[in-house]
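Asks: As a plain string of letters, each chain reads:
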Amino acid sequence: MRLDDPHEEARRVLRLCNVCNYCNGYCEMFRAAERHRTFSDGELATLAHLCHNCRNCWQACQYAPPHPFAVNVPLVLAELRLLSQAELAWPRPLGHLGLLSLVVTLLPPLLVLLLVPIEVLFAAHAGPGAFYRVIPWSVMSLAAALPLGWSALALAVGLVRFWRAGGNSTGAEMRAAAPEAIRDAILLRNLDGGGAGCDDGNGPLSFRRKYAHHLVFAGFLLCLASTSVATVYHHLLGLEAPYPMLSLPVVLGSLGGVGLIAGSLGLLALKRGADPAPIAPAAQESGQLLLLQLLAMAASGLLLLALRDGPAMGILLALHLGTVLSFFVALPHGKFAHAPYRAAALLRAALERRNNER
Amino acid sequence: MPQPVPTSVLMDSRDVVVVGGGTAALCAAISARRKGATVTLLDQAPPDQRGGNTRHSRNLRIMHSAPSPLFPGSYDETDFHADLVKAAEGKGNEALGRILIRGSAELPDWLAAQGVVFQTIACGGLPWSRKTAFFLGGGKAMINTLYATAARLRIMVHHNCRVTTLAPDGQVSLNDENGGKRTIRARAVVVASGGYQANPVWLAERWGDDAAALVVRGTPFAAGDPLRALFDLGAASVGSPGACHLVAVDARLAEADGGIVTRVDGVELGMVIDRDGNRFEDETSITGPTRYAQWGRRVAALPGAIAHAVWDAEAIDRTPPAILEPIRADSLETLAGLLAIPVTTLAAAATASGRVNQPPFFTVPIRPGITFTCHGVRVDERARVVTPDGLPLGCLYAAGMIMAPNVIGTGYLAGAALTIGAVFGRIAGEEAANHALG
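Chains as they are written, first to last, in the working numbering: chain Y, 2 to 359; chain R, 224 to 661.
It is worth saying that the hints were derived from the structure and are not from the lab. Check each hint, because a few of them may be wrong.
To be verified - Covered stretches of chain R, as calculated for chain Y (at least 3 residues, CB under 8 Å):
no., stretch
1, 273-287
2, 421-435
3, 649-658
Unchecked claim - Residues of chain Y placed beyond 10 Å of chain R at every Cβ, according to the derived structure:
no., residue
4, L17
5, A61
6, G99
7, V104
8, V113
9, H126
10, A146
11, D185
12, Y234
13, N356
Don't be surprised by glycine CBs; every beta carbon is placed ideally from N, CA and C.
Work the whole structure out from these sequences, hints included.
Replies: See below:
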């Protein structure tokens, strides 16, 4: 009974879910779906991003295959998330994201090997400005700004289109709903499985996925803070990297790196051996790619920190730069995009919830 | 050359064997195991359809003295008793009814101790219900949890087992999934296999040809073989042969296991006609939570056990959501053609209803859907199956819908079926373990 077109399949399934309602304790997706009698493509994209892929509803569904109604909510919503992100973003996605990421990661190390004299690249540099003696600051900044700008544009265009297609709202409504949405995004309330924990496909319900995600998210924010502080140091205080071990950028970045590594490994482990039935293979691959990118970014950063006083600093710096660039290039079309889209979906849900209560 | 299947293989020897795979069976098995008995559970369904009709359920009726995270109000013994007596039309056993009501109060804690999670009011999404507690994710989520608990307690679970014969001394005969005949010796047996709502041959004893028109709403494995086996042994009967709970369902969804999403609702906004095109009821007079059941009974009584709901363009948008789109007809003539009804009859019915005016028109065919049968075995206060003289029938116990008419007659009370399963499942399991461990 499953339909080929993901939008039509989602309409069929959510229509059934709205009659049944048994899963509405699990997450906001079901409670938001109940507020609709019909579903436009934009509304479906919002609902798809409300799903945190906890898969409790898959385990609990009395209509899951082999039942002829063949209800599989997490699968169709994962397919819709990918589809909507690809359709909404502008510029449109580049193909072969995994291969592209690998090439971009390896490009800076190759370039420094080709372009930087060996005696400079493999010399031990010390003191402020040590990094920039291998790769000039202007080159590094430009290399980062170009892919980040391109990605930020694609993500921003996608988000605006996503928000407009999801429904109508005023600025005042958005501001009023924002605190709830931010709370839901930061606390991952929809990964609580209604209080029971979530089915990560590896046995009993647990909060493992939520905690691992918290680690990744916190690690990412700490790394972002580290970079921001370093920018302030560089431009306002005139202090050049590398910074001392006990400086704010290094402490924040180190903690962030450890969080990213621990959380990413945790999430990757949970993906292994999970029941494949409610999982869209493309979504799984995209999630794995992001986790590998975050791992590579954190590990190369920590390695650079550990060996920065020695002759390997130059090549490690280039490698770390490569991992960051690869992350930037994949940003709008990979798994990372789920973060802003989901935040927008949570805002939409909070907004509709408030309107509904009035 | 395939090996000839031996006529009967001794499969196992256990303290307690539980026949069935839903709430009552699991509660009995877990309770018996926690008393120290070795337990085997025999379910007729394959693993992916385990759980009997509990898979399609959502809530339990619970007595409780004060509001709590699960209940927005209180529901005391007097309230519950009044509801039970009304539903049973006074035909329930008073002592067993009291056991049910008082036992219900323990269920939230006991089920939580087995890992079951309830949906709190704070979770959002719940209909306001003072009297019933809701499983988070519904009955299948609870069933999954109880099977996981059973596995952890090392209760042996066999699926695809059709129990054919029971004996007062605890011998259980069954056909396994390959058609092989097997027997298990038990010191005590709990029969928790529900009714025979999925057995049209048995239902035909009461319903005649119309039995084939009844849509099985729940598990297709409720054929009632263990119940028949108990009657064959001389168990006393309760309830009424062929009596059952019926609900109006969409006739286009006639496969078993449709559960709650195939119900037809909102007919008071339009009209309901029989196969000849005549109305037979003031549609607006049937309201409240029992409206599905009231329509189910009425449609079952019609010639051919079929009816058609009809709405006009103005009403259709106000009908509650349904999983299938209604069938559309641009004019009364087209609709009459679709339903093979004289257009004059249809037009007269539409005019008389006063609610079917504006084309296009929409229609849904309605069948009676059968939820469960109200005919089972009599039990005593220890859940022992008894003979008409009131004497226990060997080491046989019963729990769940197979003995529900003891407390609720042929009536229906939302959430009571699961409460009966859980309360008497626990009692039967503990009593069976006590008997077995002597």
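Asks: Taking the hints in turn, state whether each one holds.
Replies: Hint check results:
1. Counting residues of the stretch 273-287 of chain R whose C-beta lies closer than 8 Å to any C-beta of chain Y gives 3; at least three are required, and the coverage claim holds.
2. A count of 0 residues in the stretch 421-435 of chain R with a Cβ less than 8 Å from any Cβ of chain Y is obtained; the coverage claim is therefore unmet, three being the minimum.
3. Coverage of the stretch 649-658 of chain R by chain Y is violated. Counting CB-CB distances below 8 Å, 0 residues qualify, and the rule asks for three or more.
4. Distance check for L17(Y) against chain R: the nearest CB is about 5 Å away, which does not clear 10 Å, and the non-interface claim fails.
5. A Cβ of chain R approaches the Cβ of A61(Y) within 10 Å, the least distance being about 3 Å, so the stated non-interface status is violated.
6. No beta-carbon of chain R comes within 10 Å of the beta-carbon of G99(Y); the shortest separation is about 35 Å.
7. With a closest Cβ-Cβ approach of about 45 Å to chain R, V104(Y) is found to remain outside the 10 Å limit, as its non-interface label requires.
8. Once the 10 Å rule is applied to beta carbons, V113(Y) is consistent with being away from chain R; the minimum gap is 54 Å.
9. Interface exclusion of H126(Y) from chain R stands, the closest Cβ pair being 58 Å apart, more than 10 Å.
10. A146(Y), annotated as away from the interface, keeps every beta carbon of chain R farther than 10 Å; the closest lies near 44 Å.
11. Look at D185(Y): its CB is around 12 Å from the nearest CB on chain R, clear of 10 Å, so calling it non-interface holds up.
12. With 10 Å as the threshold on Cβ separation, the claim that Y234(Y) sits away from chain R holds: the shortest Cβ distance comes to roughly 46 Å.
13. Separation of N356(Y) from chain R is adequate, the least Cβ-Cβ distance of about 15 Å exceeding the 10 Å criterion.
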